[in-house]
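Visitor: So you can see what is in the structure, the chains are spelled out below.
There are 2 protein chains.
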Amino acid sequence: MIKKLFIFCYLFVYSTILFSQNTDSLNVKKIVDEALTNSISYNNLGYLCTKIGGRICGSPQAAEAVAWSKKVMEELKFDTVYLQELKVHHWVRGAVEKATVTSTKFGESKLSICSLGESVGTGSDGITAQVVEVKNFEELKNLGSAKIKGKIVFFNRPMDQTFFQTFPAYGGAADQRVHGAEQASLYGAIGVIVRSLTLENDDFPHTGVMSYGKAKDSIPAVAVSTMGADKLSLWLKSDPTLQLSILSDAKFYPEVSSYNVIGELKGTKFPNEYITVGGHLDAWDISSGAHDDGVGCMQSIEVLRIFKALGIKPKHTIRAVMFMDEEIAQRGGKKYAELAKLKKEKHIFAIESDRGGLCPTGFSIDAGLDTIKKILKWKKFFEAYGIHEFEKGGSGVDISPLKILNFPLVGLVTESQRYFNYHHCANDTFDKVNRREMQLGSAAMATLIYFIDKYGY
Amino acid sequence: MIKKLFIFCYLFVYSTILFSQNTDSLNVKKIVDEALTNSISYNNLGYLCTKIGGRICGSPQAAEAVAWSKKVMEELKFDTVYLQELKVHHWVRGAVEKATVTSTKFGESKLSICSLGESVGTGSDGITAQVVEVKNFEELKNLGSAKIKGKIVFFNRPMDQTFFQTFPAYGGAADQRVHGAEQASLYGAIGVIVRSLTLENDDFPHTGVMSYGKAKDSIPAVAVSTMGADKLSLWLKSDPTLQLSILSDAKFYPEVSSYNVIGELKGTKFPNEYITVGGHLDAWDISSGAHDDGVGCMQSIEVLRIFKALGIKPKHTIRAVMFMDEEIAQRGGKKYAELAKLKKEKHIFAIESDRGGLCPTGFSIDAGLDTIKKILKWKKFFEAYGIHEFEKGGSGVDISPLKILNFPLVGLVTESQRYFNYHHCANDTFDKVNRREMQLGSAAMATLIYFIDKYGY
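In the order they appear, the protein sequences are chains A and B.
Residue 239 in our numbering sits at position 239 of the first sequence, with consecutive numbering throughout.
Residue 154 in our numbering sits at position 154 of the second sequence, with consecutive numbering throughout.
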């Protein structure tokens, strides 16, 4: 009898596992099929990029994007849709930004530039000075005040082409943009011009936030396209006394209110336990914010839409969060974590898509080894759709403040070769996003959330 | 003593293996670095696509591409550069191809069409008839002559969006393009219009070769853009008697001479044993032939350039082959294999790049399990650069005739989501190729050839 019972139990457990695996397999296929055959998220991205466009925090476009994405989620009939208020910086590029290089040897040439985010402007007279080219802060220090005072410092260290992964190549060159002005002002520079952070050789200047840190003086900081940087460098070699003029009317205004936009599908079993999927709604004013990060926002909404469309009822509440202000001061991510803590919300998982809408390849997992092992158990379900990298690593800028609540955070990893061609520049437009690549990203996130919701972590 | 000798031998062998692994590791890094930092192949692709353009076999552009790619390899000072003559079909699209749909309900609308490769033209009066829409040959057969005779058959089965891999989705819909006219003519149709083979919803018609097979009558066959197909299908639902007019002056001319273009680096140890790396030089006349397959040709030349630039002297002779006529009758690949057999050449390995210049992800290996196992031993060298798929499968259309010589054939596998947006249409232009993605493809092929040349298979 015991033996029979044992066999019965064994068969029951075994068939339950098999049944469960088959159900999972079917559900994953349904999720991917739904993502690949429904164009709502892609069409919405088109609207966001082409009708609203660049939407840096504090701008009218950011306000419009908040209202519109709320409406999108309401029309999809998510259970709850609401705003989370926060204060954001209000920096405005202004209408004028230009740079001209004048050489007694070569004549005059315009350079394609843009102010770096949060830089001061030049005043209406602009600044004009000789240029000192450096590759890094060490060189700057060695030149010192004697060579730098009264000059414009030209930071011209390219991103390293030999890196296979482009994000580390970006990381290896970003100090010039972020801290270049702070460092150069220590030696009396009157402005900085920084080589754009891209691996491409083209004429798009790439913006991005900079900081004066503890510098006493705030000097204007602009980015120059890689083609412009190469030309300036070439001219300087033959004519070290050439003059560079920069004009920019970037300005600060008082802080304003803005919002995270949140939509929820209520959990059937644990309505007060949360899974977050997000991207950031703000995007640089000179771009259309397609890859960075309209895609991440529309994918996040899509994850909830897929669950709803397939009638998969999550046990936990799933939240799509459009974070505000990733690009300047990350206030949206901080506010979301602060409120979660204050309200003593129980969060079990969060995932962010902020590496562009290119083909998804894996997950970067900020969690303990046990969680990573658990996720690896579902590997075969992902590999059928090209998701093969499951690595310990950082998640996303907006969800990382949630780390204080101590639960797994994940970043969607995408194919990165062409990402920095678009990042923070006018080239980041809707037509650069491939519908299917974006849809596969939504499917990958929905699938991971499906497993986490069902089996925990 | 014996023991000492044993230890000595052990240490010698062990350190040789270690040294060899380190050398390989360094050489692989050198290969990838060289590929990523030198833009010759990318700039050459720009020339091929923008200055020469579409180059279907038999065309003046194909002849120009032959002369130019020979010159490119001569200027790179490859050891031997030569042409291999062959005869090719000479089909010309002509200056006029258009289609107009006229409905008593909806009015008149132009459709974006193009003749399928090797289709006859319509004559100067064009053809005008009612349209019968079908999804497949089964439906066509069921309708039979009673419903088809005197009509234009509209094949409108889309590529399946739910396939993750896009090549099988293409394979699942291509019968309409290749055999649609042959099948429809059996039932007395006077022409066919076929939905373009792409997963995108846009207005580019996609050409590609068709065949009349054993059909008695050759009827005109054109492709219509997916947007055009959707419109035609929608109109037909409400107005089944609408009329479609097609005009095309496609024509055949007598066969002409053309060439495979071959460049060699002579092997230092086995100069009469060959490793082939290739792509096809011909490309559809309506495209610029960037992804299909200018990339494969320029990558193949690049493999040899990398070896030469790094001073890596291959043991076997490495040949870069620009095959002619992949798109129509595959005469280039057949001629190359035929001559290899005739001359009793010993070939040890061949690889082809003809899946577009998108990010390389792996190799499709047409060889025995032993060879696949051997290649898998080098996996770690590839994984650092995103190459993670090592699967048994087909190689490439141009190298597959070499199969009679019984040695391993490999196809470079690339990320496939967006490939069919470009395939065989005017959208396949230079700007759709990302420099780094293309360079990583060259690096992957050069690395595999490096290992095969050094260690055999």
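Think of the hints as simulated: they come from the structure by calculation, not from any bench.
Check each hint, because a few of them may be wrong.
[To be verified] Taking lysine to aspartate or glutamate and the EDC-like style, the derived pairs with C-alpha atoms no more than 16 Å apart in a straight line are: (1) A:380 to B:33; (2) B:432 to A:239; (3) A:313 to A:264; (4) B:214 to B:118; (5) B:308 to B:160; (6) B:379 to A:74; (7) A:432 to B:160; (8) B:380 to A:264; (9) B:432 to A:202; (10) B:77 to B:264; (11) B:30 to A:160; (12) B:334 to B:345; (13) B:308 to B:33; (14) A:30 to B:160; (15) A:308 to A:160; (16) A:29 to B:160; (17) B:29 to A:160; (18) A:379 to B:389; (19) A:135 to A:118; (20) A:231 to A:203; (21) A:141 to A:202; (22) B:147 to B:160; (23) B:151 to B:175; (24) A:432 to B:202.
[To be verified] Pair ranges (Cβ atoms, derived): (25) B:75 to A:105: 53 to 63 Å; (26) B:71 to A:25: 49 to 59 Å; (27) B:104 to A:95: 46 to 56 Å; (28) A:162 to B:172: 52 to 62 Å; (29) B:138 to A:311: 32 to 42 Å; (30) B:23 to A:26: 48 to 58 Å; (31) A:392 to B:315: 39 to 49 Å.
[Claimed, not checked] Computed from the model, here is a short list of chain B residues facing chain A with C-beta under 10 Å: (32) 21; (33) 25; (34) 32; (35) 135; (36) 136; (37) 199; (38) 200; (39) 203; (40) 358.
Each residue gets a CB set at the ideal place from its N, CA and C atoms; glycine is no exception.
Visitor: All hints are to be evaluated individually against the structure, with a verdict given for each.
Guide: Each hint, compared with the structure:
1. A:380 to B:33: violated (33 Å)
2. B:432 to A:239: violated (38 Å)
3. A:313 to A:264: Between residue 313 (chain A) and residue 264 (chain A) the Cα gap is close to 12 Å, so the pair holds against 16 Å.
4. B:214 to B:118: Distance of about 15 Å is within 16 Å: holds.
5. B:308 to B:160: At roughly 44 Å apart (the allowed maximum being 16 Å), residue 160 (chain B) and residue 308 (chain B) break the hint.
6. B:379 to A:74: violated (49 Å)
7. A:432 to B:160: Not OK: residue 432 (chain A) and residue 160 (chain B) at ~23 Å, beyond 16 Å, violated.
8. B:380 to A:264: Measuring from Cα to Cα gives roughly 43 Å; hence the hint is violated.
9. B:432 to A:202: holds (15 Å)
10. B:77 to B:264: Holds - the C-alpha atoms of residue 264 (chain B) and residue 77 (chain B) are around 10 Å apart, at most 16 Å.
11. B:30 to A:160: Satisfied, since the Cα-Cα distance of roughly 14 Å is no more than 16 Å.
12. B:334 to B:345: holds (15 Å)
13. B:308 to B:33: Given pair residue 308 (chain B), residue 33 (chain B) holds - Cα atoms ~14 Å apart, limit 16 Å.
14. A:30 to B:160: holds (14 Å)
15. A:308 to A:160: violated (44 Å)
16. A:29 to B:160: Holds, at about 14 Å.
17. B:29 to A:160: Holds, because 14 Å separates the two Cα atoms, which is no more than 16 Å.
18. A:379 to B:389: Status holds; Cα separation ~15 Å.
19. A:135 to A:118: With Cα atoms ~23 Å apart, residue 135 (chain A) and residue 118 (chain A) exceed 16 Å; violated.
20. A:231 to A:203: holds (11 Å)
21. A:141 to A:202: Not satisfied, since the Cα-Cα distance of roughly 30 Å exceeds 16 Å.
22. B:147 to B:160: violated (27 Å)
23. B:151 to B:175: violated (20 Å)
24. A:432 to B:202: Holds - the C-alpha atoms of residue 202 (chain B) and residue 432 (chain A) are around 15 Å apart, at most 16 Å.
25. B:75 to A:105: 53 to 63 Å: Since the Cβ atoms of residue 75 (chain B) and residue 105 (chain A) sit about 32 Å apart, the hinted range of 53 to 63 Å is violated.
26. B:71 to A:25: 49 to 59 Å: Holds - the Cβ-Cβ distance for residue 71 (chain B) and residue 25 (chain A), about 55 Å, lies within 49 to 59 Å.
27. B:104 to A:95: 46 to 56 Å: Holds - the Cβ-Cβ distance for residue 104 (chain B) and residue 95 (chain A), about 54 Å, lies within 46 to 56 Å.
28. A:162 to B:172: 52 to 62 Å: Since residue 162 (chain A) and residue 172 (chain B) have Cβ atoms about 40 Å apart, the given range 52 to 62 Å is violated.
29. B:138 to A:311: 32 to 42 Å: 33 Å Cβ-Cβ, so the 32 to 42 Å window holds.
30. B:23 to A:26: 48 to 58 Å: 50 Å Cβ-Cβ, so the 48 to 58 Å window holds.
31. A:392 to B:315: 39 to 49 Å: holds (41 Å)
32. 21: Violated. Min distance 19 Å.
33. 25: Check failed: Cβ of residue 25 (chain B) comes no nearer than 14 Å to chain A, outside 10 Å.
34. 32: This hint holds: residue 32 (chain B) lies near chain A, its Cβ roughly 7 Å from the closest one there, short of 10 Å.
35. 135: violated (17 Å)
36. 136: Violated, because the Cβ-Cβ distance from residue 136 (chain B) to chain A comes to roughly 20 Å (cut-off 10 Å).
37. 199: holds (6 Å)
38. 200: holds (7 Å)
39. 203: violated (14 Å)
40. 358: holds (9 Å)
Of the numbered hints listed earlier, those contradicted by the structure are 1, 2, 5, 6, 7, 8, 15, 19, 21, 22, 23, 25, 28, 32, 33, 35, 36, 39.
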